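> Okay, so the first sequence: first residue is 1 according to the working numbering, each after it adds one.
There's no promise every hint is true.
Taking lysine to any residue pairs in the SDA-like style, the calculated list, with each CA pair at most 25 Å apart, reads [unchecked claim]:
no., residue 1, residue 2
1, K161, L642
2, K203, N434
3, K386, Q323
4, K161, I8
Computed beta-carbon distance windows for the label pairs [unchecked claim]:
no., residue 1, residue 2, range
5, A400, P644, 55 to 61 Å
6, R394, P644, 54 to 60 Å
7, R965, R719, 27 to 33 Å
8, T357, E330, 35 to 41 Å
9, E568, R394, 50 to 56 Å
10, F231, D435, 58 to 64 Å
11, N447, E695, 53 to 59 Å
12, E427, D715, 20 to 26 Å
13, R11, D715, 33 to 39 Å
14, F231, R732, 26 to 32 Å
Everything labelled a hint here was simulated from the structure, so no lab data went into it.
What you are looking at is a predicted structure, and each value in this text was computed from that prediction instead of being measured.
The C-beta atom is built at its ideal place from N, Cα and C for all residues, glycine as well.
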Amino acid sequence: MDYDPQAIEARWRERWAEAGTYESDPPREADVGEDEDEDESGDDVDSDEVTGANAGDGREKTFVTVPYPYPNGGMHVGHARTYTVPDVYARYRRLQGDNVLFPLAWHITGTPIIGAVERLNSGEEEQLSILRDTYGVPENTLQELETPMGFARYFIEEHYKRNLQALGLSIDWRREFTTNDERYSKFVTWQYETLHDRGLLEKGLNPVNYCTNERQPVTTHDLLEGEEAEFQDYTLVEFGWKGEGSTGSDGGDDEDDRNDGDSEGGEPEADEVIVPMATLRPETVRGVTNAYVDPGAEYVLADVNGERWFVAATAAEKLALQQRDVSVIEEVSGERLVGERVENPVTGEDVLVLPATFVDAGNATGVVMSVPAHSPDDWIALAEAKADAERMERYGIDTAEVKEIEPRAIIDVEGFGEFPAKNAVEERNIDSSNDPRLVEATQDVYNREFHTGVLSAEYGEYAGEVVEDVREELREAYRERGAFDAMYEFTEEVVCRCGGAVEVSIQETWFLRYNDEAWMEKTREAVADMEAIPENTREQYYHTIDWLEEWPCIRNYGLGTELPWDPEFIIEPLSDSTIYMAYYTIAHRLDEIPPEELDRDFFDALFYGPEAVSDPDERALALREEWNYWYPVDFRCSATDLIPNHLMFFLYHHAELFDSTDWPGGITGMGMGLLEGSAMSSSKGHVVLPSDAIERYGADTVRFFLLNSSEPWQDFDWRAERVGDTRRQLERFWNRAEELIDGDASDAEATDGGEAVGVGGERLELDHTDRWLLSKLQTTIAEATRAMDDFQTRAASQATFFRFEEHLRWYRRRTDLDRPAARWTLRTVLEARLELLAPFVPFLTNELHERLTGRPAEDAGWPTVDPDLRDDRLELEERLVSRLTDDVRDIVEVTGTDPETVRVYVAADWKQRVFEQVVAAGPDPDVGSVMGAVMDNPDLRERGNEVNELVTSLVDVVRGRESDREAMTAVDECGTYERASDFLSREFDAAVEVYPEEDAVDPADRAESAQPLRPAIHIE
RNA sequence: GCGAGGGUGGCCGAGCCAGGUCAAAGGCGGCGGGCUUAAGACCCGCUCACGUAGGUGUUCAUGCGUUCGAAUCGCAUCCCUCGCACCA
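Construct all of the structure, not just a fragment, from the sequences and the given hints.
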């Protein structure tokens, strides 16, 4: 029968569903003792790190989870791997005899689904295209997707669940839920009330994207333009402007160069107006020589938190969004400030405000300070202002005063002269503010000054410090003195999908205190205790703990759980998904309990035991047993790029809320998926749907490709051609297996009843090739087991599938396959390989295994190494035969002859004795001491030089070889080659003669070059 | 820029942590041969260079270094990927 995955897979899916094969429960009393387990606990096989205690039936438990899918769109083949990795592990542990729980639920919290629905409802083309073309939603079902739950439900049922079931994932579906379920919310409520009580939540201010049209915060997903925009934290330097009538002259008097602290900042005088100048380089405040304002733009005089400010009209609105009371007193044009003098709050100096069209009134405050020594822009602008007397006069500015403005250097930078801006401009021959290279010059100066610039003497306590090291400190210090303020601004224009402008708003919010020292320490312990796979990710966990600040954990809108003490807010999606694995253990038994009874006490009793509350709910205590049995999570399979957030939160919350015995056992990070070499993208339609792939190749092929083409943490690349190759490989495997299974039936009669064969079986004589193959099987089992324990799906499947195929090729060449013993061997090997491959290709292996033995592979158990079948000597002997074959072939090829006779000479006895001495000298023999020992023997001493050469050469052979050193001296070379002579004759179509060196037919004098493990050869 | 990880033969990818059996697994592709009416499938061999005896030479991003010995250890340089938050 041809390999027909669709038919096979459908059958098994049905069987699993009907029997509830993957619905796992803690053992009931009745189960205890009645298990017929088959493992004699392999002592040679890596022992499984046993996780939590388990009552009952003698089985270990394994609890494996994966981040629940977020159904804001369909499922593609990249997702398929994410969920298949834990499935493979789950199946492996089940074969090892564990009681395994692999649950799944649906994450629908937050705004992505709501956003997707809104885009659909507003008829957005791109969204329609994604739904219709990429994910194949039928036209007439689109309306089902018009509500968030309808949308989620559709993709859960029609995409995720259907595909995951088609892939044969061994999920306990009784436990599924969504994060919007009432009972789940009760669980999250318990979690946040507990954290709140423990003081790990804190109220504070936080910048957010705010749509000025919808008058509410929006997420990155809601943006039409400016998704890349970042918050920029501007420093506002509060220059003072004394009355509107001030002229330049009266400012000149009190100019002083003492520029120390006593005249600094402080409270503005009653008639003073604050002109806040926005800058990203607060440390340049002592280099300010003048300021600029756009004379043609709209500005306002406004009351800001009780002070009078002069800012751009737009800035007044922004400031109002950033926690300030703003009321506009008067609308004025920028020209009002032109020609005025304003006082630097740090130096106390008065500087002149010049008109400039390059000032963007729409950015920050719309007024900027000028630091020509350190800003190429300002350098050029000042030069241009000096040159443009006419314009200055037009604004009533005394050109002499402008000419007097001199750059002031306040930062020393290596590689630049006194005025870095000047150097940067002159190096590039820039002489106009329109020169595009000005951007690069500015970048250059800014970067170098930041990293290597040293503040000059007038900076007092900061003098001599590198900018990078003290900028923040300096900024804070001046802020405290009232000289500085701050405001946020985007790096670029940001527009909401509704069309409204988005601005930075500062809102009150609740933070999780991930920088709490005690909490950090517990989390570090959790990291130290767990397995990090691959191990080289561990560093990143520690690092993230140090780096994480407070995390704002609530949102103003979206799906999810309300903040218990302030229901206006919703707990944010990453924050409501940190310990939900605990919820899996009880999810399927919560239906009986009304949500309102799932209160604080209920969960306290459940998670902390009967002593934790005064009147524990019996039902909670019953559920506690489920939780106790399954927890902790043994492995969480997630993605490496989630380490800085989700995985870290997962660890933090476990570390805080549960005892260390319930902390995660391990985390495996998964890599990303590519499609034909480039990133998948649902909006571009550059995805492959699992349903299509399964239909075309079969689920086993999809699984095998995903798990065998790279290790889980590496990126994989779905290439249709490669997937096709994988399908062909499985097909070949299937055909071979089937031949063997069918053939066996007829053989059975020929060999009277079959059945009775066994290693000790009377009629069955296993020859050395059979035993060799069985020995190889043991090595493979050990290798696969080790790999599976480390989640190395690729290494495991490579070993059992491809590399073992190599051994089989050799075996087929070497042996007479018509022998009953050969068929028995092949059958035995097939049986074991089906079990080893069962986690990867469960459909195919179960089917074949059942046909072969009467029961599915998944019921058979994971093979264990049989030490009696390991035979290093046999493996070494086969290697010698194989090398001899290669050597003869090489000689034939190089000489271009077609030999009639191949003579093989085995090294003389005395050489063998030398070899034994060399081997006896240990894994790192040195020539000198071996020679000493050898020369004690008078027979050998006679051979002098010859022995010396031999030892030198043999030392090389032996060095570093550990595992098979005993075998090396134990092999019977003559016997080995004689047994192989028929094989060699067939290979070369020539007569093969084997001689000991001492007693050889040796027409070409070659015998003497024979060495132990390296026979001499002569062909003619 | 900062943090983490990485650069292996035509491609994908083992090996590196625990230096010697490494010209370097396996897969794919390519070439030659077998089987077949033929194609496919399947089987065998070759696939860094040179070589009429199993060999020799030069390779594991680049350059130094440690060592009897380095793809494997150290340093420096160049390049790539991921993350840099309030978002799943």
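> If a hint holds in the structure, say so; if it does not, say that too.
Verification of the supplied hints:
| no. | hint | verdict |
| --- | --- | --- |
| 1 | K161 - L642 | holds, 23 Å |
| 2 | K203 - N434 | violated, 47 Å |
| 3 | K386 - Q323 | violated, 40 Å |
| 4 | K161 - I8 | holds, 20 Å |
| 5 | A400 - P644: 55 to 61 Å | holds, 58 Å |
| 6 | R394 - P644: 54 to 60 Å | holds, 55 Å |
| 7 | R965 - R719: 27 to 33 Å | violated, 44 Å |
| 8 | T357 - E330: 35 to 41 Å | violated, 23 Å |
| 9 | E568 - R394: 50 to 56 Å | holds, 54 Å |
| 10 | F231 - D435: 58 to 64 Å | violated, 30 Å |
| 11 | N447 - E695: 53 to 59 Å | holds, 55 Å |
| 12 | E427 - D715: 20 to 26 Å | violated, 42 Å |
| 13 | R11 - D715: 33 to 39 Å | holds, 34 Å |
| 14 | F231 - R732: 26 to 32 Å | violated, 58 Å |
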